[in-house]
Amino acid sequence: MGVNPEISGRVYPPSPGYEVGREKIREFAEAINATGPADAVHRDPAAAQALGYPDVIAPPTLAVIIAQRSEAQLMLDPEAGIDFSRVVHGEQRFVHHRPIVAGDVLIATLHVDSVKTMGKNAMVTTRVEIADEKGEPVTTTTSTIVIRGAGEAA
Amino acid sequence: MTAPTFDTVAVGDELPAVSYPVRRLDLVRYAGASGDFNVIHWNDRIATAVGLPSVIAHGMFSMATGGRFVSDWAGDPGAVIEYGVRFTSLVPVPDDETGATIEVSGKITGKDDVTRTAKVTLTAHSAGQKVLGKAIAVVRLR
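As they're listed, the protein sequences go chains A and B. Just so we're on the same page, the numbering used here is the position in the first sequence counted from 1, plus 67. Just so we're on the same page, the numbering used here is the position in the second sequence counted from 1, plus 91.
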C-alpha cells in the first residue's frame, strides 16, 4: 500500500499542551553541544534576561521535539498509508515568531500541505503550527519526508 | 568576539569554518534529549541490515550543529528567526574515539533594511560530502 494522496490538506486536532521546562532546554542544548558563551541563554535565566527574554530560551531546533510528536499522528494514521520504516527526512524549516521560552505551554496543530508521488517514492510536506496557550503563534515548522517505495533498496 | 551588528555586516562576508566532532556518544545523547530513538542512529546491526554503512547521525543533529554555528556567530540563539535545510547526504559515525566530523562555514547572502536581518547561507560537509543543502538562516541583528 502506498501513501494516500487524499490526506493532502488534512488538518489534525491540536495536540495536548507541551510544557517547556528549563531543564529540558538545558538538556537539549547540551545534547547539541551548545555550551559556548552565546549559549548561556539556554542555561542561565539571568543571561537570558540580560538579552531581554523572560527566562531561558530554546535553541532554534528544539521545536522539532514538539513538531515530531505532532507529526506522529500522521505516521500512525492507518488512512495515510505511511510505512515509517521507509521514511527519510528530506527537508526541515523553522520560522520563529518569537523564541520558545521556559514556562511556555505549547499547542501544536499538524497540517498536511502536500503529497507528491515520484515513481515509486512519495514526498509528504507537513506544517506544524505551534502556538502558546493564548493562541499566539510561536513557531511554524515545515518538514518534508520521502517515503521510499517497495522494491527500492533501503 | 564581539557580536555582529546590522551595520557592520555586509553581503559577501564569510563566516570562518568550524569543525564539530560527532561521536556515538553525541548520537545517544541526542536520541535521549530529542526523543528520536530510530534504531539506525544507535544500532549497527540494524543499520547495516538495511544497507547503511554503519550507524548514521540524526539529520536533525547535523541541522542543530549548523544552528549552533549561526547562534555562536550572532551571539544570541534567539536572533535566529528562520532556519531551513535540505538533508543531502548521510553522516556515518564510526564506533571509535574520533567518530565523524561536520565542518560548517557560512556566508552573508542578503540583508533586509526593513527587518534589520541578515541572511546566512551555510555550507556543511562531512568526509567530503555535502550534508546540508539550501541551508539558510535569517538572523535579526541589533
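It is worth saying that the hints were derived from the structure and are not from the lab. Cβ atoms here follow ideal geometry from the backbone N, Cα and C, with glycine treated the same way. Please note that a few of the clues may not be correct.
What the hints assert, rightly or not - Only pairs whose alpha carbons sit at most 27 Å apart, straight line, appear in this in silico DSS-like list of lysine-lysine: (1) K202(B) / K225(B); (2) K210(B) / K187(A); (3) K91(A) / K201(A); (4) K210(B) / K225(B); (5) K198(B) / K210(B); (6) K221(B) / K202(B); (7) K198(B) / K225(B); (8) K198(B) / K187(A); (9) K198(B) / K221(B); (10) K183(A) / K221(B); (11) K202(B) / K183(A); (12) K221(B) / K210(B).
Claimed, not checked - Incomplete in silico selection of chain A near chain B, CB under 8 Å: (13) A101; (14) P112; (15) Q135; (16) M142.
Stated by the list, open to error - Going by beta-carbon spacing under 8 Å, a handful of chain B positions derived as facing chain A: (17) L116; (18) Y121; (19) S125; (20) G126; (21) M151; (22) A155; (23) T156; (24) R159; (25) D163; (26) R207; (27) A218.
Okay, the hints, checked on the actual structure:
| no. | hint | in the structure |
| --- | --- | --- |
| 1 | K202(B) / K225(B) | 17 Å, holds |
| 2 | K210(B) / K187(A) | 36 Å, violated |
| 3 | K91(A) / K201(A) | 22 Å, holds |
| 4 | K210(B) / K225(B) | 12 Å, holds |
| 5 | K198(B) / K210(B) | 8 Å, holds |
| 6 | K221(B) / K202(B) | 25 Å, holds |
| 7 | K198(B) / K225(B) | 12 Å, holds |
| 8 | K198(B) / K187(A) | 37 Å, violated |
| 9 | K198(B) / K221(B) | 16 Å, holds |
| 10 | K183(A) / K221(B) | 25 Å, holds |
| 11 | K202(B) / K183(A) | 34 Å, violated |
| 12 | K221(B) / K210(B) | 20 Å, holds |
| 13 | A101 | 5 Å, holds |
| 14 | P112 | 14 Å, violated |
| 15 | Q135 | 7 Å, holds |
| 16 | M142 | 12 Å, violated |
| 17 | L116 | 10 Å, violated |
| 18 | Y121 | 5 Å, holds |
| 19 | S125 | 6 Å, holds |
| 20 | G126 | 6 Å, holds |
| 21 | M151 | 5 Å, holds |
| 22 | A155 | 4 Å, holds |
| 23 | T156 | 7 Å, holds |
| 24 | R159 | 5 Å, holds |
| 25 | D163 | 5 Å, holds |
| 26 | R207 | 15 Å, violated |
| 27 | A218 | 19 Å, violated |
In this structure, the earlier hints numbered 2, 8, 11, 14, 16, 17, 26 and 27 are contradicted, and the remaining ones agree with it.
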